[in-house]
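S.K.: So the sequence lines, in the order shown, correspond to chains L and B.
Going by numbering that gives the first Met the number 0, the first residue of the first sequence is number 0, and it counts up by one from there.
Going by numbering that gives the first Met the number 0, the first residue of the second sequence is number 0, and it counts up by one from there.
It is worth saying that the hints were derived from the structure and are not from the lab.
Because the structure is a prediction, the values reported are computed rather than measured.
We put the beta carbon where it would ideally sit given N, CA and C, even for glycine.
Among the hints, a few may not be true.
To be verified - Lysine to aspartate or glutamate pairs mimicking EDC-like chemistry, simulated, CA-CA at most 16 Å apart:
no., chain 1, residue 1, chain 2, residue 2
1, L, LYS149, B, GLU103
2, B, LYS100, L, ASP150
3, L, LYS149, B, GLU354
4, B, LYS361, B, ASP338
5, B, LYS194, B, ASP237
6, B, LYS320, B, ASP392
7, B, LYS339, B, GLU103
8, B, LYS328, B, ASP234
9, B, LYS328, B, ASP293
10, B, LYS340, B, GLU140
11, L, LYS149, B, ASP392
12, B, LYS320, B, ASP293
13, B, LYS247, B, ASP237
14, L, LYS149, L, ASP43
15, B, LYS88, L, ASP132
What the hints assert, rightly or not - To spell it out: a stretch of chain L is covered by chain B in this simulated footprint if at least three of its residues, at any positions, have a beta carbon under 8 Å from a beta carbon of chain B; those stretches are:
no., stretch
16, 77 to 87
17, 128 to 140
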Amino acid sequence: MTAAATSAAELAGLPESPTVGAGGQEVIHVTRERYLEVTGALRDAGFEMCADLCAVDYLRHPDRPLPEAVTPERFEIVVNLLSLERRQRVRLRVQVPASDPVVPTLFNLYPGTENMEREAFDLFGVCFEGHPDHTRILMPDDWEGHPLRKDYSVGRVPVQFKQAPGPR
Amino acid sequence: MTSEELKAETSEGLQELQERDETGPVALAIEEGSQFRLPEGPVLNPGDIDVEFGEDETMIINMGPQHPSTHGVLRIMMELEGETVLRSKPIIGYLHTGMEKTGEELTYVQGATNVTRMDYLSPLHNELVFSLAAEALLGIEIPPRSTWIRMLMTELNRISSHVMWMATNGMDLASTSMMIYGFRDREMILSFFEKTTGLRMNHDYIRPGGVAADLPDGWEDDVMSIVETIPGRVDEYDELLTGQPIFKRRTEGVGIISPELATAMSATGPILRASGVAWDLRRAMPYLAYDEVDFDVIVGSVGDTFDRYAVRMNEIRESCKIVRQCVEKMPLGDYRAQDKKVTPPPRARIDESMEALIHHFKIFTRGFEVPPGEVYTAIESPRGELGCYLVADGSNKPYRMHIRGPSFVNLQSLPPLLRGGLIADAIAVISSVDPVMGEVDR
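Chain L extracted, bound-state conformation (with noise of 0.2 Å):
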């Protein structure tokens, strides 16, 4: 998985400017307004299936490496991009703040999104504008809290031993 000659970004035209991450993959930066707008175009030059969508929550990493014009927000949604006719892979990361976990769905674009994007909600609480059936998908509806956010203790189921320490 080596940096293809043509960049996406190129191939969609997008100002963003591509950096490039582990394993020489493809990363764009996109702020949650051109959200909608990058994925389109991207999906417009070929890039015709999305293999993966997930959140972050940088609660207790918030000094991660991004390059300088990002501001770094609580929650990140990641968006893995496949382009079957190229071979090619792109990857988004979007910004989302604490205080207004809510992004654009991409639904429409890539219908493939619709679990995905589901559990990112479930998990993280992370909301999704649009979203055609925006529910939990993971863990029963009557269930509080977003498991996977950093400040969502882990469970710990009591053992029989002397000093065990009690469920946190």
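Following the hints, position chain B against chain L.
M.R.: Structure of chain B alone, referenced to chain L:
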């Protein structure tokens, strides 16, 4: 008990398929017409769809989570008109154990034991994708022998997974002999795994930095006896199922998916290939040493259940070809990287050197630090693209470990596959998607 009381007692909430009059027109149109999902497809006006079914004409029923043919705890709610499936919705989460959260609590050394439990039919693929991601962040090279051992083991795992699929698919279509044969032949491969890794499943064999142990003495004979037996057995399955009229009637033309829809729904693996797209990560974006072996990418033409069956069956044959080449080309050398940072010292050194003992202890208790960064690696698992998105913050544990499970994503194509078919066909279609619930729910 009235129907309202019954519903209140059995309903679990909003995730479920809602009644027709409680579903908005846009949501209904999405569920109704799979064309509507297609980005390039004709834009459908939600008002044009015939949603005028009377109160008594349709019925919502549950299939699962305890139905034997749903491969674990998959629950599908279907709206039926007579015996025809109109809308359907897979409801998942019954096996959710928070493995991604657990992965953040385990070191990189322990991480492989966690991910291997996700897709329990192809554990080695899970370990491989995690190890590849960790190695990409560490920036270490692994020796050629460990690359080829990984290839050998994952291809054997692909055979065992597909054979297992043939078995359960046979069972779903009422061919119990196929089930018995499938389990019998899978056992051969699992015995070899047991001999090599110590366990039949959940191996923790492929680790960041190489593999846990070298292949056992006489492994060539074991592997050759497997790849000499399996193709003959596959021919037997072929004879048992492919031409059989009942099997053909139940699979041909059932659950058709077009290549455009499969791509739009992010379906990968045999589903995408059966619809005619020659997309196999082993060929398209070679990892390990797949660019040095000779194999064919099996492609279907119609995209129905029969094609998905045929693709998997022929992939067993192709995997046998790859395994043979692995045996021929297996290089000599080290089976793990000699990087002091990630590799524990050899067992013999521990008896004679205090430093080696400390080093060994440190690697297995504290693990090793991985430099900050993020990486997405993907491999072709028996079910499709298995991806791992790993974020490291410089500590000894992954900051975030996300596994893109192919079954999880492929399940989305179930509603368009089921729509318009009979409920009896639903069993064949669910089976042909090959969901492994351990990976769907993680």
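S.K.: Hint by hint, note whether the structure agrees.
M.R.: Okay, the hints, checked on the actual structure:
1. The straight-line distance between the Cα atoms of LYS149 (chain L) and GLU103 (chain B) is roughly 10 Å, inside the 16 Å bound, and the hint therefore holds.
2. Distance hint between LYS100 (chain B) and ASP150 (chain L) is fulfilled; the C-alpha atoms sit about 12 Å from each other, no more than 16 Å.
3. Proposed proximity of LYS149 (chain L) and GLU354 (chain B) is contradicted: the alpha carbons are some 37 Å apart, above 16 Å.
4. The straight-line distance between the Cα atoms of LYS361 (chain B) and ASP338 (chain B) is roughly 14 Å, inside the 16 Å bound, and the hint therefore holds.
5. This hinted pair does not check out: LYS194 (chain B) and ASP237 (chain B) have alpha carbons roughly 30 Å apart, beyond 16 Å.
6. The straight-line distance between the Cα atoms of LYS320 (chain B) and ASP392 (chain B) is roughly 41 Å, outside the 16 Å bound, and the hint therefore fails.
7. For the hint linking LYS339 (chain B) to GLU103 (chain B), the alpha-carbon distance of about 24 Å lies beyond 16 Å, and the restraint is violated.
8. Among the hinted pairs, LYS328 (chain B) with ASP234 (chain B) is inconsistent with the structure: their alpha-carbon atoms are about 27 Å apart, more than 16 Å.
9. Taking the CA atoms of LYS328 (chain B) and ASP293 (chain B), the gap is near 12 Å; set against the 16 Å cutoff, the hint holds.
10. Between the alpha carbons of LYS340 (chain B) and GLU140 (chain B) the distance comes to roughly 13 Å, so the proposed pair stays at or under 16 Å and holds.
11. For the suggested pair LYS149 (chain L) and ASP392 (chain B), the alpha carbons sit about 13 Å apart, so the restraint of at most 16 Å is met.
12. Of the supplied pair hints, the one linking LYS320 (chain B) and ASP293 (chain B) holds, its CA atoms being roughly 8 Å apart against a limit of 16 Å.
13. Between LYS247 (chain B) and ASP237 (chain B) the CA atoms are separated by roughly 12 Å; this keeps the pair inside 16 Å, and the hint holds.
14. A C-alpha spacing of about 36 Å is found between LYS149 (chain L) and ASP43 (chain L), which places the hinted pair above 16 Å, so the restraint is violated.
15. The hinted pair formed by LYS88 (chain B) and ASP132 (chain L) meets the criterion: a straight-line CA distance of about 11 Å does not exceed 16 Å.
16. Coverage of a stretch by a chain is defined here by at least three residues with a beta carbon nearer than 8 Å to that chain's beta carbons; for the stretch 77 to 87 of chain L and chain B the count is 4, and the condition holds.
17. Residue count for the stretch 128 to 140 of chain L with a Cβ under 8 Å from a Cβ of chain B: 9. That meets the three needed, and the coverage hint holds.
The structure is inconsistent with the numbered hints 3, 5, 6, 7, 8, 14, although it conforms to all the rest.
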